[in-house]
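S.K.: Below, each chain spelled out in residue letters.
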Amino acid sequence: MIITGSTEIPGQHSPLGRRNPVAKLGAAFIPAIVLLAGVDPVSSGIVVAAALASVPAWGLRWTDLIRRGWPLGLAITSIALGNTIFTGRKGGAVLVDLGPLLITSESMAAGATTGLRFAAIVLPGMLAVLTIDPVDLADSLVRHLRVPPRFAYGSLAALRLAPLLATEWEVLGRARRARGLEAGRNPVAALRLFGGKLFALLVGAVRRGTHLAVAMDARGFDARGPRTCARESRFTRADAALLLVSAGVVALAVTLAVGTGTWTSSLR
Amino acid sequence: MSATNPSQQPAASQPPGTSQPPGTSQPPARGRRWRTVDIIVASVLGVAFGVLFAAWNNFVYPTVYAPLSSTPFSPAIGAIWLMPAVLGALVIRRPGAALYTELVAASTSMLFGSAWGMSVFLSGLWQGLGAELVFALLAYRRWGVGMAVLAGAGAGLAMGVNQAIVSVPEFSLDWKAVYVGSAVFTGLIAGVLSWLLARSLARTGALAPFAAGRAQQEV
Chain A
1 MIITGSTEIP
11 GQHSPLGRRN
21 PVAKLGAAFI
31 PAIVLLAGVD
41 PVSSGIVVAA
51 ALASVPAWGL
61 RWTDLIRRGW
71 PLGLAITSIA
81 LGNTIFTGRK
91 GGAVLVDLGP
101 LLITSESMAA
111 GATTGLRFAA
121 IVLPGMLAVL
131 TIDPVDLADS
141 LVRHLRVPPR
151 FAYGSLAALR
161 LAPLLATEWE
171 VLGRARRARG
181 LEAGRNPVAA
191 LRLFGGKLFA
201 LLVGAVRRGT
211 HLAVAMDARG
221 FDARGPRTCA
231 RESRFTRADA
241 ALLLVSAGVV
251 ALAVTLAVGT
261 GTWTSSLR
Chain B
1001 MSATNPSQQP
1011 AASQPPGTSQ
1021 PPGTSQPPAR
1031 GRRWRTVDII
1041 VASVLGVAFG
1051 VLFAAWNNFV
1061 YPTVYAPLSS
1071 TPFSPAIGAI
1081 WLMPAVLGAL
1091 VIRRPGAALY
1101 TELVAASTSM
1111 LFGSAWGMSV
1121 FLSGLWQGLG
1131 AELVFALLAY
1141 RRWGVGMAVL
1151 AGAGAGLAMG
1161 VNQAIVSVPE
1171 FSLDWKAVYV
1181 GSAVFTGLIA
1191 GVLSWLLARS
1201 LARTGALAPF
1211 AAGRAQQEV
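Taken in sequence, the protein lines are chains A and B.
Note that the working numbering has the first sequence beginning at 1, numbered continuously upward.
Note that the working numbering has the second sequence beginning at 1001, numbered continuously upward.
I should point out that these hints are in silico values taken from the structure, not numbers from a laboratory.
None of these values were measured; they are calculated from a predicted model.
All residues carry an ideal CB built from backbone N, CA and C; glycine is no exception.
There could be a bad hint or two in this list.
Sample of chain B residues facing chain A (criterion: CB under 7 Å; computed from the structure) [what the hints assert, rightly or not]:
| hint | residue |
| --- | --- |
| 1 | 1069 |
| 2 | 1070 |
| 3 | 1111 |
Quick look at which bits of chain A chain B covers, simulated, 3 or more residues with Cβ under 8 Å [claimed, not checked]:
| hint | region |
| --- | --- |
| 4 | 23 to 32 |
| 5 | 180 to 189 |
| 6 | 255 to 262 |
Quick list of the computed label-pair ranges, beta carbon to beta carbon [as the list claims (entries may be wrong)]:
| hint | chain 1 | residue 1 | chain 2 | residue 2 | range |
| --- | --- | --- | --- | --- | --- |
| 7 | B | 1073 | A | 187 | 17 to 25 Å |
| 8 | A | 98 | B | 1077 | 22 to 30 Å |
| 9 | A | 223 | B | 1073 | 45 to 53 Å |
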């Protein structure tokens, strides 16, 4: 979903895109947690390859993925570079030696591995999140993970205010321009103006939230009797299969990494 | 969206009608069941910060921050990530508020097209827990600026350790220490900023339904 409140969620008819949100998130959580334990190119490479191979099954086009995920490319590059420079591994052939800056073949390898590992941690979650509708997510969190419904639906209601916040931001900007408050090229003035708008936005959001809470209470949101659900959320065998496949891929990746001797604990 | 930890909200998972007879609509007891307005305002604060996070992730990060994002000092300008946790607790003043607000913020930015996927949610979980633990250690009785700074530091420590494992696992130990230290430092800033923000919010009268707003009016 995007910030302007478009209801167009991609992949609602694809084999993986229409899985239960809890199953999708669970399947993404498994690599994101397990890969934290170690740093190695084999397990990370296998998870990235599996995630990339699954892209068509999510009903996502490659252009979608690039359009939404390009900051990830920057992050991977930045993480790889940072780890190359600040790593403690300085063995192997010296590539760059500028006083305190020493880059060797071993530190390059360490940097590249962390970049790949970051991709493996993030990519499955990105695929899952791109195809999740927040309403379905709240339903399945309540139904399958027993999240307290008042919190799940309360935050869903607040999430619906986000597009309004974007509109209000523009209104606040126009109001300030009408009053002659413009920063021009002065960065300090721009920052102060920005801060003022931000604060006004937050105050407006809190007031709106208070009104919303009264309206919800008037409709029995706080009622303590048994609660029914308007929509049905099902956890099918295919959803369980998605979780199992994810666990299988991660288990295979870690086994191969340990088997080839590349697995190193991240807590050294 | 908001995977709240049930153990953080003991009152919310009670069987209906056990804590109070039905009909008494406003439970005043501190730290008990969350009122609807508590839930909604915490959520709204979380969503507002989540939108900011999304803006940061999609606009500020790629243009300004990316080249710096993996230096040992990079956490030092990440104070905004920690603010929902501290601000949520200062405004709502209930057990679980820090964790809940931070989780909503993280989930919002995740759902609004974050390129970071689940790692945003996990960061939110650890940061929220970091702040929550500090508030819990003082039994949810202190809400002053000192408390806010400590809670910010707790969140910052959690952020630093999490990021050190996720983003910079290959840093040498010294640089990792600098990295985590920068994160704690930014947590202190986040604590002060959140406290100032909570005070300003209270002065506008927007926090009238909360103890945080009433304390301000008495001054």
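S.K.: Indicate, hint by hint, whether the structure satisfies it.
M.R.: Hint check results:
1. The interface hint given for residue 1069 (chain B) is met, as the beta carbon of that residue sits about 5 Å from the closest beta carbon of chain A, less than 7 Å.
2. This hint holds: residue 1070 (chain B) has a C-beta 2 Å from the nearest C-beta of chain A, less than the 7 Å allowed.
3. Below 7 Å, beta-carbon pairs count as interface contacts, and residue 1111 (chain B) has one with chain A at about 6 Å; its hint therefore holds.
4. Restraint check on the region 23 to 32 of chain A versus chain B: 4 residues with Cβ-Cβ distances below 8 Å, three needed, restraint holds.
5. For the region 180 to 189 of chain A, the assignment as covered by chain B is violated, since 0 residues bring a beta-carbon within under 8 Å of that chain's beta-carbons and 3 are needed.
6. Three residues within the 8 Å Cβ limit are the bar, and the region 255 to 262 of chain A against chain B gives 0, so the coverage statement is violated.
7. Under the hint 17 to 25 Å, the C-beta atoms of residue 1073 (chain B) and residue 187 (chain A), about 22 Å apart, fit the expected range.
8. Against the hinted window of 22 to 30 Å, the Cβ-Cβ separation of residue 98 (chain A) and residue 1077 (chain B) comes to about 26 Å, which satisfies the hint.
9. Checked against the given bound of 45 to 53 Å, the beta carbons of residue 223 (chain A) and residue 1073 (chain B), roughly 51 Å apart, stay inside it.
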